[in-house]
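**Student:** Work the whole structure out from these sequences, hints included.
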Amino acid sequence: MKRNSLWVASCTASVIIAIVLPVWGSPSVAANDQPSAASAAVKIDNFVFGPQTLTVPVGTTVTWTNKDDIPHTTVSTDGVFKSKVMDTDEQFSYKFTKAGTYSYYCSVHPKMTGKVVMQ
Amino acid sequence: MIDKKQDLIDQKLQDLNNDGVDRRGFLKCMAWAGTGLVWTISGGIPKSRAFAKTADRSAGKGADFTFVQISDSHIGFNKPANPDVTATLQTAINKIKAMPQKPDFIIHTGDLSQLSKPSEFDTLDQVLKGASAKQVHFVPGEHDMLTDNGEQYLQRYGKGTKGAGWYSFDHKGVHFVGLVNVANLKAGGMGSLGHEQLEWFEDDLKGRSASTPIVLFAHIPLWTIYPDWGWGTDDSEQALSYVKRFGSVTVLNGHIHQIRQKVEGKVSFHTAMSTAFPQPAPGTAPSAGPMKVPADQLQRVLGITDVNYLVSGRSLAVVDSPLGDPGASSAGGGGSTSGS
Numbered sequence: 027m028k029r030n031s032l033w034v035a036s037c038t039a040s041v042i043i044a045i046v047l048p049v050w051g052s053p054s055v056a057a058n059d060q061p062s063a064a065s066a067a068v069k070i071d072n073f074v075f076g077p078q079t080l081t082v083p084v085g086t087t088v089t090w091t092n093k094d095d096i097p098h099t100t101v102s103t104d105g106v107f108k109s110k111v112m113d114t115d116e117q118f119s120y121k122f123t124k125a126g127t128y129s130y131y132c133s134v135h136p137k138m139t140g141k142v143v144m145q
Numbered sequence: 051m052i053d054k055k056q057d058l059i060d061q062k063l064q065d066l067n068n069d070g071v072d073r074r075g076f077l078k079c080m081a082w083a084g085t086g087l088v089w090t091i092s093g094g095i096p097k098s099r100a101f102a103k104t105a106d107r108s109a110g111k112g113a114d115f116t117f118v119q120i121s122d123s124h125i126g127f128n129k130p131a132n133p134d135v136t137a138t139l140q141t142a143i144n145k146i147k148a149m150p151q152k153p154d155f156i157i158h159t160g161d162l163s164q165l166s167k168p169s170e171f172d173t174l175d176q177v178l179k180g181a182s183a184k185q186v187h188f189v190p191g192e193h194d195m196l197t198d199n200g201e202q203y204l205q206r207y208g209k210g211t212k213g214a215g216w217y218s219f220d221h222k223g224v225h226f227v228g229l230v231n232v233a234n235l236k237a238g239g240m241g242s243l244g245h246e247q248l249e250w251f252e253d254d255l256k257g258r259s260a261s262t263p264i265v266l267f268a269h270i271p272l273w274t275i276y277p278d279w280g281w282g283t284d285d286s287e288q289a290l291s292y293v294k295r296f297g298s299v300t301v302l303n304g305h306i307h308q309i310r311q312k313v314e315g316k317v318s319f320h321t322a323m324s325t326a327f328p329q330p331a332p333g334t335a336p337s338a339g340p341m342k343v344p345a346d347q348l349q350r351v352l353g354i355t356d357v358n359y360l361v362s363g364r365s366l367a368v369v370d371s372p373l374g375d376p377g378a379s380s381a382g383g384g385g386s387t388s389g390s
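Protein chains in written order, with this note's numbering: chain W, 27 to 145; chain X, 51 to 390.
Be aware that one or more of the hints could be misleading.
No farther apart than 25 Å at their CA atoms in a straight line, the calculated lysine to aspartate or glutamate pairs in the DMTMM-like style are these [as the list claims (entries may be wrong)]:
no., chain 1, residue 1, chain 2, residue 2
1, X, Lys342, W, Asp115
2, X, Lys129, W, Asp95
3, X, Lys147, X, Asp220
4, X, Lys179, X, Glu201
5, W, Lys137, W, Asp95
6, X, Lys236, W, Asp71
7, X, Lys236, W, Asp113
Hints listed in this document are in silico derivations from the structure and should not be mistaken for laboratory results.
**Tutor:** In structure tokens:
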């Protein structure tokens, strides 16, 4: 019961995020005139995204690295970004150019979820 | 008379071995013999000797047919504890070839490959050919649908299937249904069958007599084993509601690389060992990643499952057999049922 209500809560949360997030065209094209070359890292280890919530300034490029012996992916819940499958030590980077909260998960192991908050 | 004596000796030895097949556990297995399903499983390392006894007593000589389940071959995986998963699959195939009763077919419950690479599927095909099986039935694991939504898998193994690769077939009076619960997985969820497949499944069972034995097979367990690791299927309950009226239902799964079993009414659930690498028992490790075991113990935790079906007794005997056969001598020198 407790688990169910938690699930409902997390589902509701992602629905809200989906509504709040604006829709845009080609998010992978970074704005050229932005000076930021900031980067941040998310490590995938033991089937966990770490940190689970990453809060960084807009314009940051986030790089996920798979430290597991099992392949993982990083897929935005709202279709904003989608990595190829990452085998051990492989990486995926994405530059976030708009503020907002981005929920993502591993499409191979969907229990693995994380968030990137762009401020 | 001699048999009886031997039985007692066996039971004693199994007690002493303390390897999971204790006397109580064995008797519990035996208790199911009259109710439909006969299982001879023992916490990962089954005793072939125990299987022989079970087969003699309850299944009778010569089952109507036998099929083998193999699972989680992960061709392409090359890390500890198994740098050579092709070799361990080959060992599994050798065991199948040495079986006293030739299986009518093989079922592979998914994760044929590690990364859905064409070369990995090629290698799998090549090794499987060695089994000279009349037919191999597949369902995909999540590792087989990593790159292209399973397109390549479907091209190679999904001819004549529906949707993401589900299908059914009949064999000597038993109805087999291969289900796919690794496609379109939702964030935060476990395995998923989806509406379209559930509808098809309900329809597929319609008009079948309740006395038809049903065997369901899918990659991720169709019962919730450990939700924290995603070891279950979100909408399996609905699927199982469709088989409630049937007198004998056997559910065969893979994914968790270890033997787990449960009997719920007339439904028996069973997960198979991997032919590639073991995974930890639920909650005993930080994650469900590969379990590293010493090289000399690897073959004890990998294996195959063979299933004997006897029409007259309407019973299925599900027997797990590790690739290595470390217990044979300690169980009184009994030979392995699947040869070694």
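**Student:** So, for every hint listed, does it hold in this structure?
**Tutor:** Going through the hints against the structure:
1. X:Lys342 with W:Asp115: Since the Cα atoms of Lys342 of chain X and Asp115 of chain W sit roughly 19 Å apart, the hinted pair holds (cutoff 25 Å).
2. X:Lys129 with W:Asp95: holds, 7 Å
3. X:Lys147 with X:Asp220: Measuring from Cα to Cα gives roughly 24 Å; hence the hint holds.
4. X:Lys179 with X:Glu201: holds, 22 Å
5. W:Lys137 with W:Asp95: With Cα atoms ~17 Å apart, Lys137 of chain W and Asp95 of chain W stay inside 25 Å; holds.
6. X:Lys236 with W:Asp71: holds, 21 Å
7. X:Lys236 with W:Asp113: Holds: Lys236 of chain X and Asp113 of chain W sit about 21 Å apart, inside 25 Å.
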